[in-house]
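Enquirer: Chains as they are written, first to last, in this note's numbering: chain A, 1 to 299; chain B, 1001 to 1256; chain C, 2001 to 2486.
Derived by calculation from the structure, the hints in this document are not laboratory data. One or more hints might be untrue.
[To be verified] Simulated pairs of lysine-lysine, DSS-like, Cα-Cα distance not exceeding 30 Å:
1) C:K2237 <-> C:K2431
2) C:K2319 <-> A:K283
3) C:K2319 <-> B:K1201
[Unchecked claim] Only some residues are given here: those of chain A computed to face chain C with a beta carbon under 10 Å:
4) G23
5) Y83
6) Q133
7) I289
Think of the CB as a built atom: it goes at the ideal place given N, C-alpha and C, for glycine as much as any other residue.
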Amino acid sequence: MANKKTTSPEGIAVMKTYKLFIGGAFPRTESGRFYPIRNGSDELIANVCLSSRKDFRNAVVAARKAQAGWEAKSAYNRSQIIYRIAEMLQQREELFVKEMKDLGYTDINAKEEFSASVDYLVHFAGWCDKYVQVFSSVNPVASSHFNFSVPEPMGVVAAFASNKTALLGFLESFVPAICGGNTAIVLASEDLPTCAISMAEVLATSDVPGGTVNVLTGNRKELMSHFSSHMDVNGFVIWDAETAASIEIGESASENVKRVKFYESEDSAVLSPHRIMDLQEIKTTWHPIESISGSGSGY
Amino acid sequence: MIDLTTLEGKDTEGKVRQLCHKAAHLHHGFPDLPNVAAICVYPTFVKLAKSLVADKGIKVASVATAFPSGQSFPKYKIDETKEAVAEGADEIDMVISRGRFHQGDYAYVFDEISAVKEACGKARLKVILETGEIGNLDAVYFASQMAISAGADFIKTSTGKINPAATMPVTLVMLEAIRDHYYETGKMVGMKPAGGISNAKLALHYLIMVKETLGEAWLTNEWFRFGASSLANDLLKQLVKQETGIYQSANYFALD
Amino acid sequence: MAKTTKNTSWDLSPAPESTGHVTIDKRYDLFIDGKFVPPATKKYFKTINPATEETLSEIALAGEKDVDKAVKAARKAYDTTWSKISAAERGKYIYRIARLLQERAREFAVIESLDGGKPIRESRDVDVPLAAAHFFYHAGWADKLDYAFANSSPTSIGVVGQIIPWNFPLLMAAWKIAPALACGNTVVLKPAETTSLTALKLAELIRDAGLPDGVVNIVTGAGDTGKALVNHPDVNKIAFTGSTDVGKMIRRSLAGTSTRLTLELGGKAANIVFEDAAIDQAVEGIVNGIYFNQGHVCCAGSRLFVEESVADEVIRKLKHRMNNLIVGDPMDKNTDVGAINSKDQLLTIEKYLKAGEKDGYEMFQSQVAVPKKGYWCRPTLFTNVSQSSIISKEEIFGPVLAMQTFRTIDEVIDKANNTPYGLSAGVWTDKGSKIFNLTTRLKAGVVWANTFNKFDPTSPFGGYKESGFGREGGVHGLSAYLNLQG
């Protein structure tokens, strides 16, 4: 048999189908719709899924199903999994740089953003088992009680990734959420969606349980009201929102008192544990300290 | 120490016949292998089972008392027990009233076990706590003590119809109740974990737990049973592997 | 218990851990400036397997010149590389150490058990995973120290000298090296002379991780090597874990100097069981507290206090449990209690056993068989001991438990605190408010309620009084390796 090459100069390459990432699997959009991404030479890079509200609905179900298990893992375990994402990503530099260049990046900018993305993951892997120590307290109440406050994840967080970057912005939209024990549904950048899907493939090989992170591609305007009104979503994070959007989102999110966070790529600190704390609740617990001689102070 | 079990809505005489044959012929490759301790079936199959296994030294255990839920009138539960014994059951596996237990009617639960024990006559009584519905280990210990005081010959974890069935923590707590009773009274009570023990390695873990908690005197089928259906085949596979050094396939071990 | 009627043997079959995949070199040199170099002393000493008395390897003996070389290498690395690279990069090196250790976990566990005598189940399931977790946790702090100490502009100290004991050789190395590196310091570490192997293997691993030369240096030897390190003028901080006597000597040596110091010394922890405890679980906790790691644990629950009303029940259950502990070959996966680390330590323990018997206390030992060669001590229990007896007061560092009864909470707290030590304590009761009553009043750095001997990289560990000062692990443990302003 003649020597078979996978991508020989004479042979044609197999084109990748860019699907969604829901519940650990890669389904197409149930709507069957798409929109094309073309590179600078007008070549077709991908027909990316134009997600529907039903895709979002399904993603929320997957995220909710996965949340209790993800939260129940030890912080150390979550830490290792997020570090593993960095391990899996590091080896794929060539792929991502090529994808970014197809989206219009220069070689240098692509490599810089890729490197920053790996470091971003390593940084947040190290937060999982530390933010609790930094932001918890034992409170010296004036009665004989042991009183302590700890952060807890909100639950399911929806996110609009920034439209300004292909990879780093995508990671910034959900890593702090999952670091803190939440699960996430992300709408990737509308103009730069392909890296997000390739990143989903990295997630799928990183021991991240299915449903922890779900990735959709499509149109912000179309999906905005669904993301912000869904009653089973606890938090909504929007990067680089259009001004008009913030009013509409604020109003529809009120229905279930959803916690909403607007971030601007220009101002918001990204390598910060406050991004994790933005998506946490604080629980304070009291327990009596017995004292035969009478009342005393707490801890 | 295995109670080979079939307790399905779709059980038929044919099914029971096949199971009884298996009980006495575990594997042609091991003619000296001991038979299982007992066959466990629904009351209506006791007579048939007894006719097939009694001469092979295999006991017939019957479930009773509205197994598996226990949600029925006391009269019927006692009558069911008596009839199963009359048909030849050597052992009765009863269920406690979990609903009443959660209502706090402990006297009712206790009295019911006593009444069933009386109805058993010569048959030995196994009391199923259905630990998956009891919900916490302190309550399991308490239910164990209650069952033992009310006359149980064996205490058993589960019906095998719900999850979780037998687990090591629940089994350990029940073994500790048996041990504590032994220290107080000098009387032995048997133990049967049921459901979820489908491989030989796990069964070994349980045996070690029995050995370290109660001692070797309990390691006979008079005082310890596994309520299992698929365990037997895995045991056979492991025995063959031990002899030949080769990993086995399910295809070579009869499925009935 | 009832007599056995059948004659089936229910003994456990041997379950030996395979060791064929592990390499121990015939001889190990010192690890200085990224290379293995022979000692200036030209001397080597043997390290043996305490379960078989066989020689495992020869270890280099570092003298003053060697220690000086190591400190110089650490200083150079600190000045030229380690304090120059970004904190995030430092963290990434330490993450590599953690991950490589996880990859080689079984090899390290086997060597730890061969060299030190602890059961393979323990090195495999506790020591090595915790060591890897320690590196992993601290790696993440490297670029986050501003959050650990608000408003304090944390900076590294410089070169740190670290001396560790033989009871958890690899884990103690991790407890020392990980925070030191994360905080930007460089390290000269001296392992205990009976257990150098896993530290040397760690050096090989650190080389594989690509750490810059001189960031971590290992100098092997005994008391004199440690002394040379403590007295070296260019070491900015000393961290010591070991006996209280040696800790005091070190403190004296450093008097008047500006060298920072943390000490983690001995203990004689009270393990307190109340009438309303979950008794069976308390018994497991007692066993874990004193027989885990052959009792070679600074925070061992070596003084048992049982509320008098349940004393008979607890003792009966404890003896039953002790009789089921398997003492023997550390490389057998069934073994619960391994070999005593050295002949010296065994002689020390036996001295205390004789003292206890001489004082007239009832001594119970499990009836288990022990191998002919090697150093062994059966789990031992002295009952109805008094507070003033030598076995209640002094740290034995072996599987020997001294038990007393008590009647009231105030009484047991007073007795628990009536000791120069203050490392740890245990409280067993199902009543929450009672737990916190005890925990607020017990003078110990670690209090375990309804559990014992639990460790985690996020959880600070250290003692009160003569059990030492300073904490290891968690946010509090970082401060020992930093200069904090404001």
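Enquirer: Taking the hints in turn, state whether each one holds.
Expert: Hint check results:
no.	hint	in the structure
1	C:K2237 <-> C:K2431	43 Å, violated
2	C:K2319 <-> A:K283	43 Å, violated
3	C:K2319 <-> B:K1201	28 Å, holds
4	G23	29 Å, violated
5	Y83	7 Å, holds
6	Q133	5 Å, holds
7	I289	4 Å, holds
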